[in-house]
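S.K.: Listed below are the residues making up each chain.
There are 2 protein chains.
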Amino acid sequence: MSSIQPGQGKRIFMQEVCPRDGLQNEAVFVETADKIALIDRLSLCGFAKVEVTSFTSPKAIPALRDAEAVMKGIQKVAGVEYSVLVPNMRGAERAIACNIDEANLVMSCSESHNNTNLRMGREASFNQLKQVIREIEGTSVAVNVSLSAAFGCPFEGNVPEKDVMSLVDRFAGLGVRGVTLCDTTGMAYPTQVLNLCRNVKKFFPALEVTLHFHDTRGLALANTVAALSEGIDRFDSSAGGLGGCPYAPGASGNVCSEDMVHMLSLMGFDTQVNLADLTGISRSLASLIGHEVHGSIVRAGRRDDLHAMPESLEQSFKGFIKDGVKA
Amino acid sequence: MSSIQPGQGKRIFMQEVCPRDGLQNEAVFVETADKIALIDRLSLCGFAKVEVTSFTSPKAIPALRDAEAVMKGIQKVAGVEYSVLVPNMRGAERAIACNIDEANLVMSCSESHNNTNLRMGREASFNQLKQVIREIEGTSVAVNVSLSAAFGCPFEGNVPEKDVMSLVDRFAGLGVRGVTLCDTTGMAYPTQVLNLCRNVKKFFPALEVTLHFHDTRGLALANTVAALSEGIDRFDSSAGGLGGCPYAPGASGNVCSEDMVHMLSLMGFDTQVNLADLTGISRSLASLIGHEVHGSIVRAGRRDDLHAMPESLEQSFKGFIKDGVKA
Chain A
6 MSSIQPGQGK RIFMQEVCPR DGLQNEAVFV ETADKIALID RLSLCGFAKV
56 EVTSFTSPKA IPALRDAEAV MKGIQKVAGV EYSVLVPNMR GAERAIACNI
106 DEANLVMSCS ESHNNTNLRM GREASFNQLK QVIREIEGTS VAVNVSLSAA
156 FGCPFEGNVP EKDVMSLVDR FAGLGVRGVT LCDTTGMAYP TQVLNLCRNV
206 KKFFPALEVT LHFHDTRGLA LANTVAALSE GIDRFDSSAG GLGGCPYAPG
256 ASGNVCSEDM VHMLSLMGFD TQVNLADLTG ISRSLASLIG HEVHGSIVRA
306 GRRDDLHAMP ESLEQSFKGF IKDGVKA
Chain B
6 MSSIQPGQGK RIFMQEVCPR DGLQNEAVFV ETADKIALID RLSLCGFAKV
56 EVTSFTSPKA IPALRDAEAV MKGIQKVAGV EYSVLVPNMR GAERAIACNI
106 DEANLVMSCS ESHNNTNLRM GREASFNQLK QVIREIEGTS VAVNVSLSAA
156 FGCPFEGNVP EKDVMSLVDR FAGLGVRGVT LCDTTGMAYP TQVLNLCRNV
206 KKFFPALEVT LHFHDTRGLA LANTVAALSE GIDRFDSSAG GLGGCPYAPG
256 ASGNVCSEDM VHMLSLMGFD TQVNLADLTG ISRSLASLIG HEVHGSIVRA
306 GRRDDLHAMP ESLEQSFKGF IKDGVKA
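Heads up: the sequence lines are chains A and B, in that order.
Heads up: the first sequence begins at 6 in this note's numbering, then just goes up one per residue.
Heads up: the second sequence begins at 6 in this note's numbering, then just goes up one per residue.
Calculated from the structure, these hints are not laboratory results.
Treat the hints with care, since some could be wrong.
Identical copies carry no separate label here, and so any pair may be met within one copy or between two of them.
[Unchecked claim] Straight-line C-alpha distance at most 35 Å; calculated DSBU-like pairs for lysine-lysine:
(1) K206 - K15
(2) K167 - K81
(3) K15 - K207
This is chain A alone, in the form it adopts within the complex (with noise of 0.2 Å):
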């Protein structure tokens, strides 16, 4: 274990978090009928499971205040599957009678990051989720639970990794299929992520096993080869970039889903993900929320997008030609 391996056409479940996580983060309000727009461009470049929206109070995150206009106006895509956030009993009622295929709970692994987030204690938050498992149980639904600052808190630092196996543990107790650890705030770094891997892999079997990674010190992709090398096949990425943390000024948000599929794609995993379609869309994202995107692939290509070599050298690289030389 713990080692690295072409892909060998492995697939790769890849979950699209900019709607949410991303929009969510964004001061402008993207019109609805633009956030369903996108929905379903995403929906048809092949991502496995696309987060559609929010399902919080519309004062709380004023982004996100048309959740059931956007839920209702998606065109379903066969084979993808839509997950919505819902951090409550009101939202999992509002989010149930929109025909989700998921409800994504949060609470976070560190106490202080829970009460600044959430505002109660890391126990109420558990209390209040098992709540709404328990509402959603025997409906059609899948439940996530998405665990924030598994890597680390910004206000604490270290989070001790018996404290997100023992919330795994109390999740998967109640039922639940599937976990997302998050770096929410780009913590993680490869041995830790090598570490927690293979625990909640070698104890809960039979989770599925999300990583959540943003880029905020670079790290998310080398974060990601150490998750692949525990043989982790599930990752949420946001088209662009798009998405951040509030308590981590001038950080860089989620990790781009166009670079991470460009990699996986090289290292021989099949996402099912079209790259030059996904790449069109993060292109697209400046208009809609007023700034350009910040991924590597949109500003400098794919790896295979080849250059013309320069008709004249010593036009076009004055500098670099005769013994000027670039390593």
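Given chain A's structure and the hints, the job is docking chain B onto it.
M.R.: Below, chain B without anything else, positioned relative to chain A:
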């Protein structure tokens, strides 16, 4: 083999290439005194090696036209090697006269890239470098050869691994101390890095092998993890991520030194580089080059730079409180 493991204090030898590979790409001429001060500060950070300048024609690379003055002006620090780029015989003579520790020769693994970059074919380059190596033999100067486009060519695409191995073999036969596998335009990906590193280490166990990654497509740190898993312990990097490639518009530059040191340190490796000092230097580069640098640590801080909890949740996190959540 190819297993990601905690560093457990293993020494990693970092070469800082910003003064040569970084500044060579900048539009402005950094004053000689400022270059010397920069190199002296970098020397004190703990790098194993610093690439100081390039003994190319001043007309070809005006940004480095002060090679002699810089090399003679710096304060050498015990334990730090000072390397310079040497393109040809003339450069070798000039460099040897300046009391350098290492001559870094360069040619490309791709015919078209070599033609574009060096205006001659690979065989002509090899023969020229062979002469340079003969010239240096018998002096105290060590020889390293940087092999450009070792992971792909921006004009041709894939570069056969056998072409790279063949060049490594021929230079090893000439008795060079080390080779650097350069991902000149950011085309390397983790499984490719694994293979090449494994083969070079296997067939040339006595050779010092350095990896030189560019972050063009966001893969530099993922590739570093792959190289580490094959036992590579020498890396080039550039403070602030300075550098780039003239053939890949919009591409970002060399892997950022402070981002790499940050990751290696979290993984338990010992780079001996003082991250706080290095980050301070990278922050100060903007005033030398006239634009911001794009490293993650400069922007977002280190993993251990914790944040204060908001005093008033209501005021500080309007959009994120209540049942608004951030996974």
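S.K.: For every hint, state whether the structure bears it out.
M.R.: Hint by hint, here is what the structure shows:
no.	hint	verdict
1	K206 - K15	both (17 Å within a copy, 28 Å between copies)
2	K167 - K81	neither (39 Å within a copy, 48 Å between copies)
3	K15 - K207	both (20 Å within a copy, 28 Å between copies)
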